[in-house]
Amino acid sequence: MRKLIFFELRKIMAKRLTWAMLLVAVLLTVLLHVSTYQNKFAFDGQRQETGKEAVALDQEIAAGYEGELTDEKVRQMLSELMPQSGPQGLNVIYIYQNAMQSAVAARFSDMEGNWNGLSVSDVFGQEKIKIGYVDGWLGAIQDMTKVFLCLSVVVIVMLTPVFGGEYGGVEQLILSGRYGRTKCAAAKAIAGLLAAFGTTAAIVILNVALAFVMYGKIGLDCSILFAPLSFTEGYIPFNITCATLLKYRILLAFTGIMGAAGITLILSALCRNQMTALPAALAVYVLPALLPFAETSSFFRILALSPLYQILFVALMSVRQFAGSLLYAIWALPIAILLMAAGGIISGKIFAGHQVSA
Amino acid sequence: MMELKMTDLTKQYGRKMAVKGISLTLTGGVYGLLGANGAGKTTLMRLLCTLQKPTGGKILLDGKDVEELGEEYRGLLGYLPQDFKYYPDFTALDFLLYLAAVKGLKEKTAGKRVAELLAAVGLWEESRHKIKTFSGGMKQRLGIAQAMLGDPKILILDEPTTGLDPKERVRFRNLISAFSKNRIVILSTHIVSDVEFIAEKIMVMKSGQVIHFGSPSEITAKIKGQVWECRVPTEYAEKYAARLNVSNLRNEEDGNTLLRVIAKERPMEGAVAAEPKLEDLYLYYFRE
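Chains as they are written, first to last, in this note's numbering: chain C, 1 to 358; chain Z, 1 to 288.
Derived from the structure by calculation, the hints contain no laboratory data.
Watch out, some of these pointers could steer you wrong.
To be verified - Restricting the straight-line Cα-Cα distance to at most 25 Å, the calculated cross-link-like pairs of lysine to aspartate or glutamate (DMTMM-like) are:
#1 C:349 x Z:196
#2 C:15 x Z:83
#3 Z:20 x Z:62
#4 C:73 x C:60
#5 C:15 x Z:89
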């Protein structure tokens, strides 16, 4: 069985297209993270920095207010960080000077940059909000989402030939062999899932490593709720730390891609060949995003657990918080296990029952 | 001795009957399957390899239904399909090792057996070359080698000599003859001489049915007295060939051509009755 799995893995990984697409995922990772890092901007009234220096300046500014968010800190930040006027009549609230200024402006400033009268408890209730420099990790996690979306397509392309690729004629040799319908079919499914898991792990490690190199551990223990404007409107509304967010991002990357792998294996076995299996798998994968259900609809809660929404991350992460760091998104785990098991078992059975066409 | 029995075996695709109620019992030996394109040979072979489920009837191995035997039956099978693909980026060695794993050969045994078979089909030198670099004949030889992996007790070969040059065909025939002891070997081919040399029994298929089954001499006896040799002037040979069912045509030094004609009655004055061969039989049934 191990030998069969080894051969099946080799078949998947020997394809040039697989490596070309993995290279695209790696390049996209580097490009997105480096570009986000290079485009960082920070201004503290005296120094204006970009890139690495901007991150350092942002971290330096955030260090001055680190700890629990209080009304005093809000007022201190408003007076120290908010600009007095915007250029060409632009409302001050929309001016970005640095990550902390943008965060305080997003929650506590009126259009002119003055305090909007809301207290910390008015905005966040009884939640204790630990503040710090979170912009780096939030940006990195946003980039990871784009990379994982690309990776999910790579995995679908990679796995469509697992069964479908055999239907061109090799299946006659396999299915007439002693273990062709049993161990070999199982080995194919296992190898497919292993390939999906391995590539996901490699890309996840690369992404997290790059983010660590750029932002270190700074901000990982801080709440995602006190973040710059771009992570306030329509972003995850729960008081979780960046570290928790990162853990969920990694978890949902694995669950989403493994779930997509399960679906792909079934369609690979079901379709007449890999050329029909690929569009079928892609269609099933993107279908949930095309269905007309609003995020407020109760059906959306089920839809949000589809592999695509697991990869897209924010909508699923925003559904519900059970308690502390336990979010509704945790349901993605049993769903992924179910899809993987179904993918492995059903695809094997379809392949085993395949009738060579006339 | 092992017994492979087909009882009323039928395969239907929509309204088309590819195999019509075949009932045969095969024991050890080489069986040649003759038939024109569309006669149902490939479907019959696929049914025997469990690659297709019969619409009716059963295949029994020593009295047991092969569908129920499953792995146990397939463990005894070796199959060379007529049209099949390879993994172009695999070497011949890896391809056979992969199929050895599918067939359940242990790693140590597999390596040894694969090397032996590659040598037997004359591919040892190229065993580490990628299959995409192989010629059609080399791929066919690799196909023959994979079919013989695991020393199958039932070897089914669909058009095994396609793409082989005369020397390779001789090598193949010798290989099969040596291999066939205490096994059931079924081979279909359009090249009648291949079957004539090595098959002990011939099955003639037409329109999904086995219309004749027996030894080559038994089969050809059916057309005894219907094969003639006639000598005609070479300039008229083509005229005769168009009018008669000619199985062979040979120019002779004296300006005449010797025609081998299949006809129920003497086709012309001077025609001499000849001993029928399989090729004559093939033409007799599949003239159209």
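State the violated hints by number, sorted upward, taking the hints as numbered earlier in the document. Hint 1 alone not satisfied by this model.
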